[in-house]
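Protein sequences, first through last, are from chains A and B.
Note that the first sequence covers residues 0 to 738 in numbering that gives the first Met the number 0.
Note that the second sequence covers residues 0 to 254 in numbering that gives the first Met the number 0.
Derived from the structure by calculation, the hints contain no laboratory data.
Keep in mind that a hint or two might mislead.
Stated by the list, open to error - Derived lysine-lysine pairs resembling DSSO-like cross-links, with alpha carbons at most 30 angstroms apart:
(1) A:K236 <-> A:K204
(2) B:K146 <-> A:K603
(3) A:K136 <-> B:K27
(4) A:K491 <-> A:K437
(5) A:K583 <-> A:K411
(6) A:K92 <-> A:K1
(7) B:K27 <-> A:K583
(8) A:K468 <-> A:K491
(9) A:K170 <-> A:K411
Computed from a prediction, not measured in an experiment: that's the story for all the values here.
One-letter residues, chain by chain:
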Amino acid sequence: MKPRALVYGDVDLNLIDGSAIWVQGMVQALARAGCEVTLVLKAPVRTGRLVDPLRGLPGVTVRSPHAERLLDGDAPMQPRTAAVTLARIDEEKPFDLAVVRGRRLAGKLCHTALAGRLWTYLTDVPQSAGQFDNAAKAELRRIADASRLLLCQTEELRGFLEAAVPATAGKSVLFPPVVVLPDGLEPRPAGTPDGRALRLVYTGKFAPRWNTYEMCALPRLLGQRGVDAELHMVGDKIHDDPDDPGYADRMRTALETGQGVVWHGGHPRAEAMRLTAGCDVGLSWRHPEMDASLELSTKLLECGMLGVPVVLNRTPMHERLFGADYPLFAASEADVLDALTLIGKNPEVFTLAVDRCRAAAADFGLDAAAGRLTGYLAETFPEPVEQVAAAAAAYRPGARKLRVGVAGHDLKFFTRLLDYLRSRPDMEIQVDHWAALKAHDADRSRELVEWADVVICEWCGPNALWYAKNKRAGQRLVVRLHRFELYAPWPKQLDIDAVDQVICVSPHYTDLTREMTGWPAEKVVTVPNWVDDRQLDRPKLAGAQHHLGVIGIAPSRKRLDLAVDVLEELRRDDPRFTLFVKSKLPWEYWWIWQKDEEREHYEKLFRRIRRSPLLAGGVVFDSYGRDVASWLRRIGFVLSTSDDESFHLAPAEGMASGAVPALLPWPGSDTIYDRRWIHDDPSAMAASIATTVALGRWESDAADAREQVRTAYGLDEVCRQWTDLLARPPARTEAPAAQ
Amino acid sequence: MTDPIRRGGDDPRAAANARAAKDGAKAKQQAARLRAALREREARVQELERRLAALEASTTVQFGRLVAGAARNPKRRGARLPKELYQLWRKRSAPAAAPKTTDAGKVQLDPVTRSEDRLLVAAPYEGIVVAGILGARAAETLAAHAKVIRLYPHDAAIALESADADLLVVDAAAGAPGEAWAYLGVPGMYDRDRALNDVRALAASRDMPLVLWNDRPGDGAAAVPATLANLHWDATAAAPGRLAELLETPLEPAR
Chain A
0 MKPRALVYGD VDLNLIDGSA IWVQGMVQAL ARAGCEVTLV LKAPVRTGRL
50 VDPLRGLPGV TVRSPHAERL LDGDAPMQPR TAAVTLARID EEKPFDLAVV
100 RGRRLAGKLC HTALAGRLWT YLTDVPQSAG QFDNAAKAEL RRIADASRLL
150 LCQTEELRGF LEAAVPATAG KSVLFPPVVV LPDGLEPRPA GTPDGRALRL
200 VYTGKFAPRW NTYEMCALPR LLGQRGVDAE LHMVGDKIHD DPDDPGYADR
250 MRTALETGQG VVWHGGHPRA EAMRLTAGCD VGLSWRHPEM DASLELSTKL
300 LECGMLGVPV VLNRTPMHER LFGADYPLFA ASEADVLDAL TLIGKNPEVF
350 TLAVDRCRAA AADFGLDAAA GRLTGYLAET FPEPVEQVAA AAAAYRPGAR
400 KLRVGVAGHD LKFFTRLLDY LRSRPDMEIQ VDHWAALKAH DADRSRELVE
450 WADVVICEWC GPNALWYAKN KRAGQRLVVR LHRFELYAPW PKQLDIDAVD
500 QVICVSPHYT DLTREMTGWP AEKVVTVPNW VDDRQLDRPK LAGAQHHLGV
550 IGIAPSRKRL DLAVDVLEEL RRDDPRFTLF VKSKLPWEYW WIWQKDEERE
600 HYEKLFRRIR RSPLLAGGVV FDSYGRDVAS WLRRIGFVLS TSDDESFHLA
650 PAEGMASGAV PALLPWPGSD TIYDRRWIHD DPSAMAASIA TTVALGRWES
700 DAADAREQVR TAYGLDEVCR QWTDLLARPP ARTEAPAAQ
Chain B
0 MTDPIRRGGD DPRAAANARA AKDGAKAKQQ AARLRAALRE REARVQELER
50 RLAALEASTT VQFGRLVAGA ARNPKRRGAR LPKELYQLWR KRSAPAAAPK
100 TTDAGKVQLD PVTRSEDRLL VAAPYEGIVV AGILGARAAE TLAAHAKVIR
150 LYPHDAAIAL ESADADLLVV DAAAGAPGEA WAYLGVPGMY DRDRALNDVR
200 ALAASRDMPL VLWNDRPGDG AAAVPATLAN LHWDATAAAP GRLAELLETP
250 LEPAR
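Excised from the complex, chain B in its bound form (with noise of 0.2 angstroms):
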């Protein structure tokens, strides 16, 4: 079973696979510029479409109108002229219903469109953050030493994205039963897979380091399941101190 995040080494399928994961960041990128572009535009396109339905319903473009259809067909239109006139008159000054506006009260800002703004973001910490897929007793455990912003299966994505972190730990057993995570690692958890590969592919693309959590290293191989254990890992730890060597070493030219 191939990594598709996997990086570094002399692996050419891993420098492959890190490239991938670097074009997919970029055309996400790309993709966040053409959105906002496109609701700018639609923006622009709003406000035509009010001052076009201003103009139409303006008085002197009425009137023109009226005006230039007589002269292309006097016989018909030029004799209704005089009564089309008198209404218009009549109805200059009565109001007219405004557009209608879909989003009526909505507060509409600027979107985030690129990944990089999260670095405008203030978020005053000396140490690590580490952002974790997270059992109870390893968030525990890391939670003595570093600020943890633990993700879950609905939101990983979504608060990676905005975290400032330095690192994105995988606890080996936060797919134990009872746990928010339950079941990430079983093999045929699609949901759960997918949710793990997507926040690998965002830190992949923000060089953050990969860490696997495994507190349990005397159990063997067996207490890393079986799709986590598959996965390129930058680093196992099993102490927090681990954490902070991890910083101080630079990764791998590869990625």
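Extracted from the complex, chain A is given alone in its bound form (with noise of 0.2 angstroms):
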């Protein structure tokens, strides 16, 4: 079955402008994508340039509210009209997602029975810590809370928001620009531009702080260091400035008299881009302020697409998409001169120049779109197994869906787990939330019972107690236990024979479930703790090799202390060196520091912080937080010092984001990681990390530690596991006794 999406994007499609260009891409890529797509018009048709190449499509279908009559008049839909009309379209067939654009128009659909079934992609977000009010939170909150995904533009966009609003992390995705070409226009012809003059090209509107003012000078200049260059203008905006009330007017002159300037005024974008295709290098040198922006101007990937190569500001963005060592990043003027000269005068570098631009916008078609988007819906979507349908009808002849309740006081470890179990075709849920560990509506659980196939414990405490004494005969029982339970009374008062399945998170504490509870080993075990690895594969900001990453710090069985040591090792040699603890504070948590012992600790360690000339300044903790994806950027090294751990999902988080996993031999580490990222001591720790950066082993050794926890520990793998272990046959145990 193919997946029906419903796209809308508060455009109005007469005007073609980058909104406009959007809608059209994502339609394209979302159709190429096995998508059946039907795409709203927020205005009526008066001309058919963008929306009849689409009507044409395959698996499309264009729908315009005005012309079917589901609106009076003729105005383009305000975002309040469009929640309701999108509503109602989907009142006759539900879609199976709704792909929409702009912030508006999602803070409406959050309250329509859309949401949940959102895919929004996020514009007018404020690109700044103090622009980002309380009230622009709250809403964005309301938009994710009511997405099933947040397509983010840029990587930049994406870790922005998931710190501002927490709500956003593990929802976020990336959806860049898509770059189409107009039917039938050629590339620029390969080669330079030998025994002519070298053709610059600049398409948009003119405005101060797109420099295109200053850009009229570049040929003059260009002449006096004896290059011969003529500057093509596209565009026929001219921005009128509050503050510079003779710009408009300058402006115009040097377009109409400028040395070496053609002026071609305002053209469509497939004649702007045919005029591109002509010249030699795109212009997109800008002020600096535009170099804070959160977004990636579509005009380059346009460019580079044509082969044409671009002047544009260095900024981290850029330089991750052209490579740090790109020949025409240029701030100023004079770099602008000097990399035109440059380009100008060496045909190799030129050639760079186009070669860069080229493969930086091949990540940018519609083909890489449509597998972005193929990614998205594998993952939201994920395809039935025979086996669980199997199952389902094992339980109830005829039934095709398998019922899985979840029973369980704190379901963090379990929510991307439940996520997943929530998006398979072939399962339906129900989750009995017990109000505390000991705290629980009966009624609620007796209905749970009632219902399910197979019942999940998260936890081995009292809620798998009481499902284990008021199971029904026949159904499975599957206990999840962790560290915490283990050495708690529960297990021994577990009633094993009604327990068809406990689950541990590592073959170290499956051993020692099996040895302290002496139950049969074949009950007990092993599916491993999940990584999200394609929300945490993310790039490595500069310079991330000198930083040494610890999540959670307390209680003090984390042995902050450990790690203090191996960085206080590593700065005496290299002060670049720093720890970044991600962590709420250990007095933050009262049950921790009501306990002397605890306090005693951190009292001591943080004054050894302070006091250090070493470590002051060097370690550095950062706000506890759900963006620990987009925290890992920054990080190289992720640390485990802990004195016991059932499996320290860190490391494994810290290997998924292309860091390097470092490990102390807490007991069943190694059953877990590679020996070859564990540790005897600090010492060895420190050592092993100097020579990882100092050999320039430390990319090579991270994409090694990437594989391993992918094949291991990949939302994918176990999330198979877990769709074995519930499709199994129903229980051949009795019902309990005591029912």
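Taking the hints as your guide, dock the two standalone chains into a single complex.
Laid out in structure tokens, this is it:
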């Protein structure tokens, strides 16, 4: 079954601008990714230039609420009207997903039945902390809660959102601009502009921050350097600047009379791109104020696809795209002249720049966009498997969906898996959320017993005892046991005969559980913790190899002091090594802070960090939050120095992010992680880190680590194991005698 | 991109932002006063609860309750009265459990409630005191000419709140990798951006000059990271001597 996708852009498709092009690209990419797409138009069709090609695509339906008389009048839909109309269209035959663009519109859709199915492409997001007020955060939180996915244009925007609005973390995925060349448009012929003037081109509006006035002087200044050049300017919108009333006149004069300037006036997008393809170098040199933008200019990518290299500002985002050594980065007019002189006189530099731009743009074509969407669709709508349906039928003849109940007081370690189970078309999920470890609504629990084929107890606590006592005959009961319960009284009280499977997260804890409880070995199995490898896979920031990371520092058995020992040794030789801690502070956990020995430990440790000249400023306590994936972009090594852990997710998350793990040998660590990453003591760990960086091995080690974690603990693999486990045939165990 | 802490000059937006920053500081002070008042009320409530518990446990009150209860319902409760009075008499000298205190042993001082309270703290020093978000090089340079209070991402607001500083200096190179403020100035780093925004607001509320330190001006505009370049600074400095000049120059009246 093809997923049915609704697309609405809050964009008038009669006007060809960036947002209209986005809608066109999104519809095409969704159709190519295998969706049945319904595009709803904001305004009545006056020109079919953009809409007609979409109507012709297989699997695409275009609906105009105005033409269908769903609305009175001809006015384009405002967000509020659009939200009502979209909900009405959805009611006819519900969609699987609704891709919408625009913050205001998404804000209105949060309150409709489409909530939960929204794939929201956010625009108009505040771009600095100072602009991010509480109202904006609250609105974005509502949007995030109502969205299945948030599509972010850039990695920068994604990280910023996740840190500012925690609800967006885990749902934010990349969806960069899609560049589609108009039909029949040929890219620039290969080769350097030998024997003729170097043709520079700019398309777009003329405004101070786009440096268009300064650009007009370039042919003259290049002439003074012996480079023959002409500048082709395409566009007719001259900005009226209230701060500089004379700007528009000056700009127009420069366009009309500038030496070597050819002003083509305004042209449709296809013609502007044809003119661009006829030139040699695109100009995207802007005022430095624009370097802080979290968005990516589509024009850069269009130029790249046309084989026209671009002069642009050096920003971290552009460096990642074009390479730090790209020859056409410029900040000032002198830089621009230097760059243009360089490529005007050196054909090999010109060729290098063309290749870089073309390679950068390749990832923004329609195929790349469809590939991304295919991945997101596969993740959101997993394929049904016969084994699950067979299990459902074995419980209830004729049934196709397996009923899985989940019971527990704290589902924080289960949330991602719960999302996955809920997304499966062959399963139905109900949750019995216990109010506290020992407190529950017995009626609700009894209902779950009546309803479910399989019950999963998250934590082997009073919930597991209750379900073991009250489950139905033949109902499967699966208990997930963590480190915390193993040393508590509940496992000893559990009627293991009523339990079909006990799940531990590591082989070490599986062995310990068998040993301490005496339960039959075959009932206790290992299904590892999962790592959301796709969410964590993000590009590292420059210099990350000198940054150590620790996630979670309380209670004291996490042994931050040992991580500090490692740092101290490293900083003796290289003060660039810095330890970043992402955690709540120990005094934020009252049950930890009330223990004298815990307080003593931390008071001593924090004093050491404060007073040591080597450590002060070398340990940074970043705020606790769900934005771990974007935080890990800064981290080169993730440390695990605990006395004891059942799995310790942090090194695995670090590995998935492209960091190198470094562990001390806590019991069982070698059953989860490769011995290569486990060091005897802090000194050995420090020596290994220093060597890895000094020998330039950091990137290759990180790549090995990432591969290991994907294979063993990647979300797909662990979800597969859980699906297998839940789809086993009904239990042969008898109903408990106490029932 | 607008800078909410921008002040000075003829720009009406900047003046509005300056007013907003000051209003924010006032609101913060008001909140501190309210918190202090709330703490005082809580202390009184606790004291009253303690007294009430003692009163309720007293034999006198319990005697009164028993007698009053018997008077209201002589048939049922009147019959039980002699036995209950006898039990009360027996227990009159038995030790009663003291009410549990939640913060046993904790020293509770009057908390600092107003930022102006920092004016009371002695910190003798003759010379310039700089509170700074600094990279290692700038910190070393400045330390030779001034007393430097280094601010870190996790303590910046706390340290500045109590610091007796003349200027807030932000080093353009503070966000270099390997520094505590790594990635300050890189677009998209919300936590660093917010920490900087908070200390700038705090400094603005105290009329402390905001100085951008750029000791590599020869490198051109690129030396100043994008998000720092977009903010308003009262001055830019490349040498320690400039800081002394700044302190002698009154700030623009719009501040």
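Hints versus structure:
Restraint check for K236 (chain A) and K204 (chain A): the C-alpha separation of about 5 angstroms stays at or below 30 angstroms, so the hint holds. Only pairs whose Cα atoms come within 30 angstroms are accepted, and K146 (chain B) paired with K603 (chain A) is accepted, the gap being roughly 27 angstroms. Of the pairs offered as hints, the one joining K136 (chain A) and K27 (chain B) holds, with about 20 angstroms between alpha carbons and a cut-off of 30 angstroms not exceeded. Distance check on the hinted pair: K491 (chain A) and K437 (chain A) sit about 16 angstroms apart at the alpha-carbon level, within 30 angstroms; holds.
Distance hint between K583 (chain A) and K411 (chain A) is fulfilled; the C-alpha atoms sit about 16 angstroms from each other, no more than 30 angstroms. Proximity of K92 (chain A) to K1 (chain A) is assessed by CA-CA distance (about 14 angstroms); at most 30 angstroms being required, the pair is judged to hold. Among the hinted pairs, K27 (chain B) with K583 (chain A) is consistent with the structure: their alpha-carbon atoms are about 24 angstroms apart, no more than 30 angstroms. Among the hinted pairs, K468 (chain A) with K491 (chain A) is consistent with the structure: their alpha-carbon atoms are about 14 angstroms apart, no more than 30 angstroms.
The suggested pairing of K170 (chain A) with K411 (chain A) holds, with an alpha-carbon distance near 16 angstroms, which does not exceed 30 angstroms.
Consistency note: the structure conflicts with none of the earlier hints.
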